[in-house]
Amino acid sequence: MDKTQALLVLALALFSLGLAGVVVRRNLLVMLMSMELMLNGVNLSLVTFANQMGAAEGAVLVFLIFVVAAAEIAIAIPIVLLLARRRHTLDADAYADLKG
Amino acid sequence: MPELAAIALAPLAGFLLNGLLATRLFAHRRGHRFVTLVGCGLPIAAFALTLKAFADLAAGGYAPLSQTLYTWIAIGGVPFEVSFWFDRLTAVMALIVTGVGSLIHVYSVGYMKDDESYARYFAYLNLFLFFMLLLVLGRSLLVLFVGWEGVGLASYLLIGFWFSDPEKAAAGKKAFVVNRIGDAGFLLGMFVLYATLGTLDMDRINAAFLASPGPAVSATLVGILLFVGATGKSAQIPLYVWLPDAMAGPTPVSALIHAATMVTAGVYMVARLSGIYVNAEGASQLVAWIGVLTAFFAATIAVAQHDIKKVLAYSTVSQLGFMFLAAGVGAYGVAVFHLYTHAFFKACLFLGAGSVIHALSGEQDIRKMGGLARRIPVTFATFAVATAAIAGLPPLSGFFSKDEILWFAYASERGGSPWLFAIAALTALMTAFYMFRLLWLVFLGRSRLDHHAAAHVHESPPSMTGVLVVLAILSAAGGFLSIPHVLEPLLPLPGIVAERAGGHVPIVVLSVALGLAGLAGAWWLFGGAGERAARLDGRAQGLRRLLEGKYFVDEFYERLVGRPLVWVSEHVFLRLGDRAVIDGTLHGLAGLAQRTAALMGRVQTGHLHFYAFLALAGLVGALAWSWRHG
Amino acid sequence: MADALILNVVLFLPVAGMAFTALAHERQPNLVRAGTFAAMLVQFALTAWLYLRFDATAPGLQFATHLPWIPEWGVAYLIGLDGYNVLLVLLTAFLGPIVVAGAWTAITKDVRLFHAMVFLIQFAMIGTFLAQDLFLFYLFWELMLVPMFLMIGIWGGERRIYATVKFVLYTAFGSILMLAALIYLVWQLKTTTGVTSFAFADLYGAGLAPQAQAWLFAAFALSFAIKVPIVPLHTWLPDAHVEAPTAGSVILAGVLLKMGTYGFMKLGFPLFPDAARDAVPIVMTLGVISIVYGACLALVQDDIKKVIAYSSISHLGYVMLGLASLDLIGIQGAVMQMVSHGLTAAGLFLMVGMIYERCHSRDLADYGGLAKLLPVYSMFFMVLTLAAVGLPTTSGFTGEFLALLGTFRAAWSAHAAGDSTLLWLAGIAVSGVVLGALYMLRLALRLLFGASRAPHAPLADLSAREVGLLTAVVAAVFWLGLFPDEPMRKTELAARQYQQLVAGPQAVAGTAAIAGGTR
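For the protein sequence lines, the chains are W, L and D, in the order given.
Just so you know, this note's numbering puts 97 at position 97 of the first sequence, and the rest follows in order with no gaps.
Going from the second sequence to this note's numbering is simple: count from 1 and add 1000.
Going from the third sequence to this note's numbering is simple: count from 1 and add 2000.
Warning: the hint list may mix true and false statements.
Simulated pairs of lysine-lysine, DSSO-like, Cα-Cα distance not exceeding 27 Å [unchecked claim]: (1) Lys1113/L - Lys1168/L; (2) Lys2372/D - Lys1168/L; (3) Lys2306/D - Lys1113/L; (4) Lys2306/D - Lys1174/L; (5) Lys2372/D - Lys2109/D; (6) Lys1174/L - Lys1052/L; (7) Lys2109/D - Lys1174/L.
Calculated from the structure, these hints are not laboratory results.
All figures in this text were calculated on a predicted structure; none of them were measured in a lab.
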């Protein structure tokens, strides 16, 4: 198992961990953190591939994802805070009626 | 450059002045004199211009004059021109139209003077004259068609002149629509001509058909298609039904449009395109037979009518049939001759009827008339002269033209036959009979007026009686100008079948005898107290009802065409086609989409974990698929 | 060059107008109306100037602007006047001020938004006509939907939501097909010639395989046929007309329906000539069905607007007939009929709006004898009715006559070659002139004649504003009826180009020989 493969396995592990977290955990904040984990798994794989192919595009894309993730969290955390202030819970199922 | 356009444009100017200015600026009384001046002055000017054009024509040795006003449109380098043509035939027609037209305008001044829409009336009448002159003067079939449709419009407007009465307005609509049926045929005829000849100029069309080899189209086909148009405009079987209803219009309108000029447009068209009909034996036979049958059936209906104008209307249909009979056997000049004499005596009769109606304050039922001769003598005298003329008594104008028609129907080598002659002769007898019946019931015998009407009977003003006298003189003397002779260089008369050549004198004698027999019959039946007529009436109830009901042709058409059309439109097209099939399919599809969406919508539970689980399942599925198809 | 600039001003003036409506204040509705009217008037004046400057003898685009836009895809900003669009642009610009003046008193809700939408639709319609690049054309084509959707949906009648959704779904369905087809078309052009271009001129020569042509033609034709509309794709039209405010109906009947026929003439037929030629009998049959079916339905309607709506279907059938005839006279007649219908239908809808403002009813049963109550109104109504009937001296006659004559001439030569189908179709089409008289005169009879009767009497006759705008319409109707030569000259080269693109040069030479040989 060379370095690339090892890194990819790590990326897959990060992503799977994140996904499992989103599916299994009920706490909204934990779910958000799990999503960050998934993003980081993807980022890692992008950097790995970019390194392997000797191209810069992958690395550039990672920066884009950083920005997007930062923006996403910047919006998501206040939403969660507002929700929590109203219903005093962080359980995702408590908000099932938001489907409209 | 001959000024032909000015002839037509003069009445158009009258229409615009009266229509746009008078109704706006001089409401009601104040503009009366202006309207009269414009409304009558411009038709008279047109008459003067026609006379001048005629003088030019004669000075030029009768070589046709022509004038191109402008190019209506040119497509692919082929122009459709608005151009006018003036030859012997045009001259006769234009003189009749402007001459009789002017007289009727003058008559209208008295007849319509108390009408609140006086200006509108003259505007329409001038509009009619404009289109009629366009029809007569046009060189191209296209210009003729513009006039043809235009007179239909004027007729529509004038029939429905008193539009507050729904029946009168409906009569106008009926006239327009029935005419349009004919026009559809006419259009097809024009299309065939244009598709094969590439021109619509009538002189070129005639030349093409008279040349040998002729054009690559059957003259019979073209002839029949164009004749369909003529059956509409000139009220022949099967499209004559609009003309009797058209009597809803003011009486001078009936005289001008529905007797003297517009309804003869079909006859003019056949004569103008004689180049086609000469070569179209089948079409000519059809024209002759339709003509003679129309003449016969209309005459039978006229016998049983009670409305003074309806009698005259059916008489007009019948006389138009005579004209087509002449045209059908190739005697185009004779057809125009009858058109010319008919314009005088029928205009005189209608205007006389108008004078009677005027005298009786609107009464039109001849059962409520009688004994008017002494009360309105001028009207009576002129009416009697015109009646004698239409009955064909010598030496009045109708005698000459009708005699020629009977002669050619018998002896023409282009389709003359004893059968045509026999029916025509019978019709001539009936014509004399119903006209004298009318004369008797209206003017002679015992008065059947109610007291109120009797107290108000008065002779019409001189502007009306004067016109009647002029027309009566023309009806009496008009026959001495032999139109067929005048037109002969343009419209040669057909040859005579050799073995029938000796029949002319007997036919003259017979036609006089028929006229007198009609007179005698009417006298015998309706003279005195009319008890013989009443007895006959009692014995032939069924026949009378059939004739009074005009053979129920209107009802028949309504059942055959009118109601099915509405039924199919309403039930098949609207309810079944539009609502059930098309919109039904659409609504069905929309409903399907909505139901499917409702079903799919259940997946949206609102539980985030469920969504994440679905995403996971999708991911696994996608991976598995790519693995398998890797 | 200056003229090309003017053409751009004509196109973008409405955008500036929208900015104006955004800046104006809702409490000054008359300022908004007057400003919009003035802008429309300027637009019309500029268009008329360009029309007068338009050279009838020069083929191809005039006053063109060509700027690269998305060069990688071959998309360009390419607009210009040519014989196809010159009359239609003039018509659109002519109806602009009339729409605004006609809606002066009728629209009181959201005046600014309304006028913004009028500007937007004017922009989209003129853009659609002027675009010479398929991408640009499609953008404008889709843009037309938005303001129309809002116009019916906000200012419409009772069932406005149903009507506007139906309208949009119908049209959007067609548009999607067209989008797919145009992407495939451009891709095909690239694979066969190596050129990436959306320009019409390049696409005309794409030289597609017959199979591909058939599919693409079907997609384009469906999209255009919905817009025309051709029976059986027409049921959105009566609903849209009935619910739309007067201004909406005027725009819809006046210009929007011509988008379909214009699309057929500019794109549908010439882009796929082989498929189009095969489809001629089908298109003609559908045209004839539209004429008769529309007329029959107009005959049994009691809603005044529906009568005119169905009559539109019938009248546009003649356009399809003329276009499919591939005969020069027929094509010219089709163009004339488009403009003529734009004028008469717009005028009639305006007049329905005027009576509706006074009486609040569109039911024929409520009316009668208006000729006595409203003489001036009735005179205008009668003139427009007769123009719709196609009476000579009006534009309706010019259009109908030429379209039918051309169709008949084409059918006659097909008949001479042994195929009489078209001849029968042409014969049935002529029956439309009878049915046309029947339903229009029925309308006039029940509305204008008979005993005087109207809800909310006594009524005021037309105001000076109304007389003014109807006079403009009627004058245009007579201009095209009496002197059609000058406008028709400007479209003749385009008609010839269309004929050559679709029928091929040989066929055109053949008909010219027939026409020339008998003179």
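The hints, checked one at a time:
1. With a CA separation close to 20 Å, the supplied pair Lys1113/L and Lys1168/L stays within the 27 Å bound.
2. Simply put, Lys2372/D and Lys1168/L have alpha-carbon atoms about 15 Å apart, close enough for the 27 Å limit, and the pair holds.
3. In summary, the hint linking Lys2306/D to Lys1113/L is not supported, as the alpha carbons are separated by about 41 Å, beyond the 27 Å threshold.
4. For a cut-off of 27 Å, the pair hint linking Lys2306/D to Lys1174/L stands: about 23 Å separates their Cα positions.
5. About 33 Å separates the Cα atoms of Lys2372/D and Lys2109/D, which puts this hinted pair outside 27 Å; it is violated.
6. Restraint check: the Cα-Cα separation between Lys1174/L and Lys1052/L comes to about 39 Å, which exceeds 27 Å; the hinted pair is violated.
7. Between the alpha carbons of Lys2109/D and Lys1174/L the distance comes to roughly 44 Å, so the proposed pair goes past 27 Å and is violated.
Consistency note: the structure conflicts with the earlier hints numbered 3, 5, 6, 7.
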